[in-house]
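Enquirer: Below are the chains, spelled out letter by letter.
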Amino acid sequence: MKLRVRDLTISYGSEPVLEGASLAVDYGRFVSLVGPSGSGKSSLLRALIGLQRPLSGTIETIARSQIGILFQDDALLPWKTARDNVALGLTFKGMERGKALAEAEAWLERLDLAGFGDRFPRHLSGGQRKRVALAQVLAMKPELILMDEPFASLDAIVGARIVRDVVALVERQEISVLLVTHDLEEAISLSDEVYLLSQGPRAHITQHYAVSIPRPRDPVHSRTHPAFAPLYERLWADLSSEVDNRAEAA
Amino acid sequence: MLLDPRYVWLRQLAAVAVLLAVWEAAGRADMLNPMYAPNPSRVGAALVDLFADGRIWPHLDATFTAALGGLALGIAVGIILGVVAALVPAIAELIEPVMSVLNAIPRVILAPLFVIWLGIGLASKVALSFILVAVLIFFTVFSGIRQVDRRLVERVITLGGSRWSLVRHVYLPSVAAWVLGNLKIAVGFAFTGACVGEFVAATRGLGYLLSFAQSTYNAALMFALIFLVLVVVLLIFAIAGYLEKYLLRWN
Chain U
1 MKLRVRDLTI SYGSEPVLEG ASLAVDYGRF VSLVGPSGSG KSSLLRALIG
51 LQRPLSGTIE TIARSQIGIL FQDDALLPWK TARDNVALGL TFKGMERGKA
101 LAEAEAWLER LDLAGFGDRF PRHLSGGQRK RVALAQVLAM KPELILMDEP
151 FASLDAIVGA RIVRDVVALV ERQEISVLLV THDLEEAISL SDEVYLLSQG
201 PRAHITQHYA VSIPRPRDPV HSRTHPAFAP LYERLWADLS SEVDNRAEAA
Chain R
1 MLLDPRYVWL RQLAAVAVLL AVWEAAGRAD MLNPMYAPNP SRVGAALVDL
51 FADGRIWPHL DATFTAALGG LALGIAVGII LGVVAALVPA IAELIEPVMS
101 VLNAIPRVIL APLFVIWLGI GLASKVALSF ILVAVLIFFT VFSGIRQVDR
151 RLVERVITLG GSRWSLVRHV YLPSVAAWVL GNLKIAVGFA FTGACVGEFV
201 AATRGLGYLL SFAQSTYNAA LMFALIFLVL VVVLLIFAIA GYLEKYLLRW
251 N
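Going down the list, the sequences are from chains U and R.
Per the numbering used here, the very first residue in the first sequence carries number 1; after that it's consecutive.
Per the numbering used here, the very first residue in the second sequence carries number 1; after that it's consecutive.
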């Protein structure tokens, strides 16, 4: 097990944004956490990496250095070149700088960014910056990657290409993933399991679904798999009824 | 070429040349009182005289030493105080009010006080330049660090960076960017401090020469000195601009 969360409650004030959330990510599994805006998805992810202190609950996971995080914003250091950005985490791990730069260059090449190592983030396109951020995470050879809607800011074609490459790399290296998203299609097409969060405040996990689309998977083509549409309809119905119930209660 | 943006400098140069020609012609036609507005040719002659007999060099030396000394000290102390105050709230409580008061007043009014404390030599001029620059740099760094992009801080933390990594890879480069962005203003402040200090009480320096020209009603010398200060500051601006462009090439 790479990650196990039990009864996690997160609060910013008097009322919890997320209450009693429990989920697990097993070895090599791609797990998504889906929920509407304000359901505490990002807060849960921040709690997992220590950027947010939970009110209660337990988090069991692997060593912090084996976890990679991919945010919606690429958050590259603007004064460092693409190569230096990728090498940054490796040097934090104690790798000698020359070796870290060589490793960074290799990862840039692997992610179709050969020749872009000397460029500063400002001189890269949105898709290229996202690939640099991805190289930054993958270069650390993580066993678990936490993703917070990392593809939301990309246009459709660029996004689809990057998602395809990410899925291929994750499958090949058997990396476990927890993806936080509000996009049902994205969650189903990429994941082995999907957790559904209710509307916040006091959001909680209402359902847990298994996705039976086989791997290796092409994220675009998996949307045409016979298992996709029924699961999408089920998820949509559960999510809609949850939002409707909350609206009525209010 | 008349409206081509590439030749804007040529049009500006031509406008200055026309202004000087009209000024010279008006002076020669006795339309201007040379006591208030001497001909450009007389200003030029005064400038040549300053360099020809070599008496300008000790004055330039004094002003440059005071300005650059105050600039270097002001930048160093402004950065140190700004970083410490931004990272240690208890220190910010003490320093910020003092800096705010110093920022609110026209700091050149401290010049007579510095003369009393430090004498009419170099030290009082350095002190005035220093205080003008240090307050500017302090607020640049202090507010800059407080507004540093949280996403970059979190990125470094999530990559496994230590507190020192944050200072080295996030805070210091941010500080460098803000200081370089204000370098031209700091240079202007440093020369203002040096010249005003010399103007108040000195035996050397461009400010002292200006004061001398004023007391002897030597308008040509005054214009020549103003022109000289202008050229010197523009030259340093160009160097600061080049530095800024090179060091902030990522931006």
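Among the hints, erroneous ones may be present.
[Said to hold, decoys possible] Per label pair, the in silico range of CB-to-CB distance:
#1 R:Arg-168 - U:Asp-155: 44 to 54 Å
#2 U:Gly-98 - R:Ala-15: 27 to 37 Å
#3 R:Gln-12 - U:Arg-122: 25 to 35 Å
#4 R:Ile-185 - U:Trp-236: 52 to 62 Å
#5 U:Trp-236 - R:Tyr-246: 48 to 58 Å
#6 U:Glu-233 - R:Glu-93: 23 to 33 Å
#7 U:Arg-64 - R:Tyr-246: 50 to 60 Å
#8 R:Val-88 - U:Ser-65: 51 to 61 Å
#9 R:Leu-247 - U:Ser-65: 51 to 61 Å
#10 U:Gly-98 - R:Tyr-242: 46 to 56 Å
#11 U:Asp-155 - R:Leu-87: 49 to 59 Å
#12 R:Ala-104 - U:Gly-50: 20 to 30 Å
[As the list claims (entries may be wrong)] No farther apart than 30 Å at their CA atoms in a straight line, the calculated lysine-lysine pairs in the BS3-like style are these:
#13 U:Lys-93 - R:Lys-184
#14 U:Lys-80 - R:Lys-245
#15 U:Lys-80 - U:Lys-93
#16 R:Lys-245 - R:Lys-184
#17 U:Lys-141 - U:Lys-99
#18 U:Lys-99 - U:Lys-80
Hint data in this document are derived by calculation from the structure and do not stem from the laboratory.
Even glycine gets a Cβ: it sits at the ideal position worked out from N, Cα and C.
Enquirer: Do R:Ile-185 and U:Trp-236 keep their Cβ atoms within the hinted range of 52 to 62 Å?
Expert: About 58 Å separates the Cβ atoms of R:Ile-185 and U:Trp-236, which means 52 to 62 Å holds.
Enquirer: Next pair to validate is U:Lys-99 with U:Lys-80; report whether the Cα-Cα distance is within 30 Å.
Expert: This hinted pair holds, its Cα atoms lying about 17 Å apart.
Enquirer: Falls inside 51 to 61 Å, the C-beta gap from R:Val-88 to U:Ser-65?
Expert: 29 Å, violated
Enquirer: Holds or violated: 25 to 35 Å for the Cβ distance of R:Gln-12 and U:Arg-122?
Expert: 31 Å, holds
Enquirer: Compare the distance between the alpha carbons of U:Lys-93 and R:Lys-184 with 30 Å, and conclude whether the hinted pair is satisfied.
Expert: 39 Å, violated
Enquirer: Between U:Gly-98 and R:Ala-15, is the Cβ distance one that fits in 27 to 37 Å?
Expert: Roughly 55 Å apart at Cβ, these two residues miss the hinted range, so it is violated.
Enquirer: Per the hint of 46 to 56 Å, is the separation of the Cβ atoms of U:Gly-98 and R:Tyr-242 within bounds?
Expert: Given a distance of about 31 Å, which is not inside 46 to 56 Å, the answer is violated.
Enquirer: Can the suggested window of 49 to 59 Å be confirmed for the beta-carbon pair U:Asp-155 and R:Leu-87?
Expert: For U:Asp-155 and R:Leu-87 the Cβ distance comes to about 40 Å; the hint is violated.
Enquirer: Checking one constraint from the list: CA of U:Lys-80 to CA of R:Lys-245, max 30 Å. Satisfied?
Expert: Roughly 15 Å separates the two Cα atoms, so the pair holds.
Enquirer: If I claimed the Cβ atoms of R:Leu-247 and U:Ser-65 lie 51 to 61 Å apart, would that claim hold in this structure?
Expert: At roughly 33 Å between Cβ atoms, U:Ser-65 and R:Leu-247 fall outside 51 to 61 Å, so the hint is violated.
Enquirer: Are R:Lys-245 and R:Lys-184 close enough, with their CA atoms no more than 30 Å apart?
Expert: 12 Å, holds
Enquirer: Between U:Lys-80 and U:Lys-93, does the CA-CA distance stay at or below 30 Å?
Expert: 18 Å, holds
When each numbered hint is compared with the structure, violations occur for hints 1, 2, 6, 7, 8, 9, 10, 11, 12, 13.
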